[in-house]
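> Residues per chain, in single letters:
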Amino acid sequence: MIGPLGNGADDRSTGSGHPPVLDVRELTKVYGEGEAAVHALRGVNLVVERGDYVAIMGSSGSGKSTLMNIVGCLDVPTSGRYLLDGVDVSRLNDRQLALVRNRLIGFVFQAFNLIPRTSALANVELPLAYAGVPAAERRRRALAALDMVGLAGRAGHEPNQLSGGQQQRVAVARALVTEPALVLADEPTGNLDSRSTADMLTIFDELNAAGRTIVLITHEPEVGSRARRLIKLFDGQISADVRQDGPAGAGGADRMLDQPTATMERIP
Amino acid sequence: MNLFEILRFAVRGVTANKLRSALTTLGILIGVGAVILLVAVGNGSAKQITDRIAALGTNTLTVQSTSRGGASSTAITVETAEALRDPVLAPDVRSVSPVVSASATITYQGADHSVQQFVGTYPTYFGASNTPVGTGTAFTEEDVAQGRRVLVIGRTVAEELFPGVEPVGAEVTVGGSLFTVVGVLEEKSSSSGFQDANDVAIAPLTAVQQTLTGYGPVSSVVVEAAGSDRVDEAQAQIATILDQRLKVSTTGSGNGSNPNSSPYRIQNASQLLETQSETADTFTVLLGAVAGISLLVGGIGITNIMLVTVTERTREIGIRKALGAPRRVILTQFLAEATMLSLTGGGLGVAAALIGSRFTVVGVKPVIVPSSIALALGVSVAIGLFFGSVPASRAAGLRPIDALRYE
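Protein chains in written order, with the UniProt record's numbering: chain A, 1 to 268; chain B, 1 to 407.
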């Protein structure tokens with residue numbers, strides 16, 4: 001029922017055999033009805049290939065959060081098709097959706113959304129527990145993920161004992177621990193100071209260099225400039241889609257040589 | 001994800017917020033405990049009433065003469081009483097004790113005490129009237145036959161006349177005659193509000209007749225039936241004998257239907273018991289209603305805290321869903337948490353009620369009604385489970401984004 005689960009080794013090869021991680025077609029989302037209807041998304045088309053690093057920018061109300069929530073299977077579109085790793089998500093039932101969220105997507109929220117009064121380690125272990133991973137392996141993988149974000153020493157701390165930057169790093173570890181095909185981040189640096197932001201961006205750069213597909217939303221131009229591909233949303237439509245040679249490109253630039261370094265695309 | 005894992009999550013959920021869990025448990029504890037204890041107090045006081053009446057003796061009948069001034073033909077005498085002890089005509093009568101009573105003053109070494117009831121009777125009276133002898137002995141048939149001046153006194157009399165002294169063997173003066181105290185009655189709970197049941201002295205019938213009352217009619221005859229289920233038969237049998245001896249025409253003359261025309265009256269302790277039991281039942285129903293209301297209030301309390309607990313965690317449910325928790329797993333976790341809290345609270349409530357029932361509450365010794373434990377525990381746990389799992393089910397059914405945005 002669900003396509004092959006993404007894992008680190010597969011992500012390295014951005015071969016033509018794999019469907020795009022993300023394939024969004026004519027996506028619309030309308031809140032409310034009749035006169036009061038708000039069109040958050042007005043037909044968005046977006047394809048994200050394996051191993052890409054995409055930043056979505058746009059002003060408030062441009063629909064970027066709505067898009068992100070739909071892509072993360074947290075919300076459902078009003079119309080349009082959404083293929084995640086080749087699977088049509090709109091046809092899945094509640095149980096299958098839970099499986100998709102668990103195995104294919106790692107979500108990082110602006111508000112961290114850690115479970116309160118629960119240790120960092122237990123928070124990171126949570127998606128693995130829902131995936132049915134045995135306790136010993138769960139612990140090993142969760143510690144490895146915490147180590148990756150530089151928080152191995154804080155595994156026993158509860159969220160309220162951690163700074164905002166540390167909490168967000170725990171959240172990133174939690175998003176990574178299942179080795180998802182797609183890491184989504186909804187303004188991950190929105191609540192962080194500049195130093196934590198820099199740490200966070202370094203982590204994302206490393207992740208992408210390791211072959212992980214990342215889509216993030218941001219307000220901040222310096223965050224957007226780090227991505228390989230910058231998409232701008234305006235009034236629920238994509239107004240710009242630029243491939244750029246950000247710092248993240250350094251790690252895997254050789255893989256991108258066959259693609260144009262920058263493309264401009266305007267949606268009519 | 002197996003059940004054991006989910007249970008571990010539930011334990012973690014319960015222990016994550018200890019204060020909230022403790023308060024929830026406390027609410028259920030008080031609800032369950034209060035109901036069980038309240039019903040126990042109601043039951044205890046009802047039982048107390050029943051016990052007091054049972055202390056009078058449930059299988060005794062008291063025959064009293066209703067004739068005032070008394071034509072000698074209708075007076076009940078010792079001979080009349082002896083006639084009631086008839087194995088042929090009255091097979092259901094176990095014993096017959098004629099009773100004469102007088103008020104008298106007992107004097108001992110200068111101290112005197114005016115005893116409320118000075119009773120002359122047969123030794124069978126002790127068994128029939130349910131007044132066992134505590135220390136010393138009762139008098140015997142032979143004492144009655146010989147007219148020996150021996151005396152069994154009640155606890156109050158003993159305390160008044162013999163403070164700190166052993167009364168058995170002491171010689172007291174009653175109406176100018178010397179009596180020897182041979183026994184002290186066991187303490188008896190006061191059966192009626194005005195009379196002290198312990199302010200009594202019992203002596204052989206013959207001795208009292210000799211010294212105090214003379215050989216006239218007796219005050220009453222206490223008849224003991226062969227068993228508490230034979231009381232009605234015994235009553236019918238002695239009525240027949242009495243009608244014969246006192247020459248009462250059952251057809252009557254004009255006002256024969258009037259019970260007052262009968263020269264005697266038979267009092268039945270079990271009838272009294274029945275009336276009093278009805279009163280006690282009313283009391284139990286009343287307390288049951290109060291308990292029901294406390295259960296309702298307790299239930300609303302549990303509902304409230306469960307709703308708040310789950311609503312407060314809607315966001316957490318959203319996070320769990322976003323991380324890929326299936327609806328079933330979330331539901332099981334919250335149901336397990338609600339079960340733990342309800343059962344712990346309910347169990348502690350039962351324990352508290354059981355401990356509380358060991359103490360006397362407002363002068364009543366509570367007696368636990370087992371069905372009240374089942375009812376209180378059942379209702380509280382059911383409410384806890386329902387209101388713990390239904391809002392959780394609602395939250396788990398939301399789209400993750402809606403649960404996450406929930407304020």
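Accuracy of the hints is not assured; some may be wrong.
Stated by the list, open to error - A few chain A residues that face chain B, going by a derived Cβ cut-off under 10 Å, partial list only:
hint: 1; residue: D75
hint: 2; residue: S79
hint: 3; residue: L83
hint: 4; residue: G86
hint: 5; residue: Y130
To be verified - Derived SDA-like pairs (lysine to any residue); straight-line CA-CA distance at most 20 Å:
hint: 6; chain 1: B; residue 1: K18; chain 2: A; residue 2: H157
hint: 7; chain 1: B; residue 1: K365; chain 2: B; residue 2: V290
hint: 8; chain 1: B; residue 1: K18; chain 2: B; residue 2: N2
hint: 9; chain 1: B; residue 1: K18; chain 2: A; residue 2: T118
hint: 10; chain 1: A; residue 1: K232; chain 2: A; residue 2: E220
hint: 11; chain 1: A; residue 1: K232; chain 2: A; residue 2: E26
hint: 12; chain 1: B; residue 1: K247; chain 2: B; residue 2: I266
hint: 13; chain 1: B; residue 1: K18; chain 2: B; residue 2: L354
hint: 14; chain 1: B; residue 1: K365; chain 2: B; residue 2: A351
hint: 15; chain 1: B; residue 1: K18; chain 2: A; residue 2: S119
hint: 16; chain 1: B; residue 1: K365; chain 2: B; residue 2: G378
hint: 17; chain 1: B; residue 1: K18; chain 2: A; residue 2: E49
hint: 18; chain 1: B; residue 1: K47; chain 2: B; residue 2: V290
hint: 19; chain 1: B; residue 1: K47; chain 2: B; residue 2: K365
hint: 20; chain 1: B; residue 1: K18; chain 2: B; residue 2: V290
hint: 21; chain 1: B; residue 1: K18; chain 2: A; residue 2: G156
hint: 22; chain 1: B; residue 1: K18; chain 2: A; residue 2: P116
hint: 23; chain 1: B; residue 1: K18; chain 2: A; residue 2: E26
hint: 24; chain 1: B; residue 1: K18; chain 2: A; residue 2: E158
hint: 25; chain 1: B; residue 1: K18; chain 2: A; residue 2: G190
hint: 26; chain 1: B; residue 1: K247; chain 2: B; residue 2: R85
hint: 27; chain 1: B; residue 1: K47; chain 2: B; residue 2: N304
hint: 28; chain 1: B; residue 1: K18; chain 2: B; residue 2: V362
hint: 29; chain 1: B; residue 1: K47; chain 2: B; residue 2: T314
hint: 30; chain 1: B; residue 1: K365; chain 2: B; residue 2: A352
hint: 31; chain 1: B; residue 1: K47; chain 2: B; residue 2: F283
hint: 32; chain 1: A; residue 1: K232; chain 2: A; residue 2: E49
Honestly, the hints are just simulated from the structure, not real lab data. We put the beta carbon where it would ideally sit given N, CA and C, even for glycine.
> Are any of the numbered hints broken by this structure? If so, which, sorted upward?
Per hint list: 2, 3, 4, 8, 13, 16, 17, 20, 23, 25, 27, 28 and 29 violated.
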